[in-house]
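Q: Take a look at the letters that make up each chain.
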Amino acid sequence: MSATGGDALIRMEGVHKWFGANHVIKGVDLSVEKGSVVVIIGPSGSGKSTLLRMMNMLEEPTEGKVWFEGKDITDIRTDLNRVRTDIGIVFQSFNLFPHMTAMGNITIALRKVLKLDAKEAAERARAELEHMGLPEKADEYPSQLSGGQQQRIAIARALAMRPKLMLFDEVTSALDPELVQEVLDAMKRLADEGMTMVVVTHEMGFAREVGTRMIFTDGGRIVEDGPPREIFDNPKDDRTKDFLSHVL
Amino acid sequence: MKTRGERIREWTSEQTALSLGLLLVGAGGVAVFFVGTILLVWLNGPTPWESLLETVLSAAQGTVLNLALALGAAAAIAGFASYRRMPTKAAVSGAALGVQAVLLVGVFYAFRKGENVALTVRQNFNFELLGEFGDAFVNGAKNTVFLAAVGEALGIALGLVLALLILSERVVVRAPARAYINFFRGTPLVWQLAFGYFGLKLGMRIPISTYQTAALVLGLNAGAYSAEIFRSGIQSIERGQREAARSLGMSYMQSMRYVILPQAFRRVIPPLTNEFIILIKDTSLVFVLGLTLEGRELFAVARDAYAERFNATMYIGAVIGYLAITLPLIRAVTMLENKLRAGYR
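First to last, the sequence lines map onto chains Y and S. If you're matching positions, the first sequence starts at 1 in the numbering used here and goes up one per residue. If you're matching positions, the second sequence starts at 1 in the numbering used here and goes up one per residue.
FYI, nobody ran anything at the bench for these hints, they're computed from the structure. Quick caveat: nothing in here was measured; it's all calculated off a predicted structure. In this text, a Cβ means the ideal position worked out from N, Cα and C, and glycines have one as well. Please note: incorrect hints may appear among the correct ones.
[Unchecked claim] Chain Y residues, not near chain S, derived (Cβ > 10 Å throughout):
| id | residue |
| --- | --- |
| 1 | 65 |
| 2 | 218 |
| 3 | 240 |
[Claimed, not checked] When the alpha-carbon atoms are kept at most 20 Å apart in a straight line, the in silico SDA-like pairs for lysine to any residue are as follows:
| id | chain 1 | residue 1 | chain 2 | residue 2 |
| --- | --- | --- | --- | --- |
| 4 | Y | 112 | S | 254 |
| 5 | Y | 115 | S | 256 |
| 6 | Y | 112 | S | 253 |
| 7 | Y | 112 | S | 252 |
| 8 | Y | 115 | S | 78 |
| 9 | S | 339 | Y | 115 |
| 10 | S | 339 | S | 269 |
| 11 | Y | 65 | Y | 221 |
| 12 | S | 89 | S | 78 |
Throw the hints in and build the complete structure from the sequences for me.
A: This is the structure in structure tokens:
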């Protein structure tokens, strides 16, 4: 592994984050290999969302460096808009654009950022809607869709950019229980297709079944890191044991 | 078991013939006042003012007033006196209308019995005289609308830019915009108009017409107020919208243009329309500039016409013009707000 980040898709080194006087991330080193599905779990306030959001620089690390494909994205000279087209993110609160149809939501960045022509953008959007099992919802507005459908549109919107990495920030937490599975199924499909994914979640079933690697964070640090089955069956750290005993 | 409040409400909300009758009496009081007065004025003619005065002082008008007073007083007394003694839902509405009828009659009566009734009618309701200035008032109304519309268009363009500037992270970008806004919000519009005209146009010989000066100053002023409206509109858009847009690789300007502003615009339409209504009224201040005859707006027309004929009916003419412009807009704001509350689609 070279000094500039190596073969890992994303690599973090000595990363700290303060919000004012609040020290949220206290020195994290982490690399995510191509094709892996990294699941991040941990108690609320442990910094897992902040960690994820630093991977596409929605949060800027106060200290430390982050590389994407060997490129230092904490360097102010890096064109973040360009980097972000390669990193898709899906949010807890969907964040679909309410004034656009599902089609509009997916095509806007294709046309304005990737500069595809309208026809090509529409074709790609249709393919992604198909992929997410929502081909008939192209002309619906977000307010006309269920939470699960909105979230799958949001995934389609991110996928249409053909990203190399997908980030999922507690994407099922705002959903009614009966709508969670359709979103998890879509994510599992994506993992099976070989997408590199980093997933912050409370869905332990998903973590165990789909994750190739699991990270447990507590108090702004990575406490445990390994294959999900191993951590579930045989947690080493007391805090992990405590957390798992509460959620399982 | 129902609560006492529920039982009272149930009982009083029962409709009875007597209660409905009292509502009709109260409504009759108000109706007799308006319909009777309007009918008498119409029959005898609103012009010349002498015939209007004749109507006001006529025995028929006296009968109308007495009848309205009797009906109003009866409804008020019976309605309030019977409260909780019988089902009174409609009767209480009748009593409220009755009170209104009594007050209207009282005001009219005081006016009619006053020493200066002839003078008042001649000075304020001389519609014949107003008719002579009809074309001037129509032209004035056009100028009022035009000045306000140009001012608002300038104000929106300027306000949008200022709003983006005061939302900047950098103090050096925020500060000048903030200073501009505070200056225009902190000084009277009439001063801004006077200074723009005497100080800048005349004092510095800026080659624009007086009319253009007025529109420009109104626009500069509206810009400061629109900026605050746009700022709050932009800030009201959830943070996640900007994050989603930026995560798709959009630049700051792209995320503003395609994601934030289209949503913010929707939300600021009602406050911007309110701002437009205020601007329409504020055009009355451009009289300080001394506009040409064709350039005068409603208030200046009224003022000049008054100076010519010393008759305050001219100001009644102006107020009719203002209300004809603003009332539909006020209605539009209410409708827009209701529509917006319904959300997207």
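Q: Against this structure, judge whether each hint is valid.
A: Right, here's what the structure says about each hint:
1. 65: Nearest chain S Cβ is 20 Å from residue 65/Y, so the label holds.
2. 218: Holds: least Cβ distance 26 Å, greater than 10 Å.
3. 240: About 30 Å separates residue 240/Y from the closest Cβ of chain S, which puts it past 10 Å; holds.
4. 112/Y to 254/S: holds, 8 Å
5. 115/Y to 256/S: Judged against 20 Å, a Cα distance of about 18 Å means the pair holds.
6. 112/Y to 253/S: holds, 11 Å
7. 112/Y to 252/S: Since the Cα atoms of residue 112/Y and residue 252/S sit roughly 13 Å apart, the hinted pair holds (cutoff 20 Å).
8. 115/Y to 78/S: Distance ~77 Å between residue 115/Y and residue 78/S Cα, so the pair is violated.
9. 339/S to 115/Y: Between residue 339/S and residue 115/Y the Cα gap is close to 35 Å, so the pair fails against 20 Å, i.e. violated.
10. 339/S to 269/S: At roughly 11 Å apart (the allowed maximum being 20 Å), residue 269/S and residue 339/S satisfy the hint.
11. 65/Y to 221/Y: holds, 16 Å
12. 89/S to 78/S: holds, 13 Å
Checked against the numbered hints listed earlier, the structure breaks hints 8 and 9; every other hint is satisfied.
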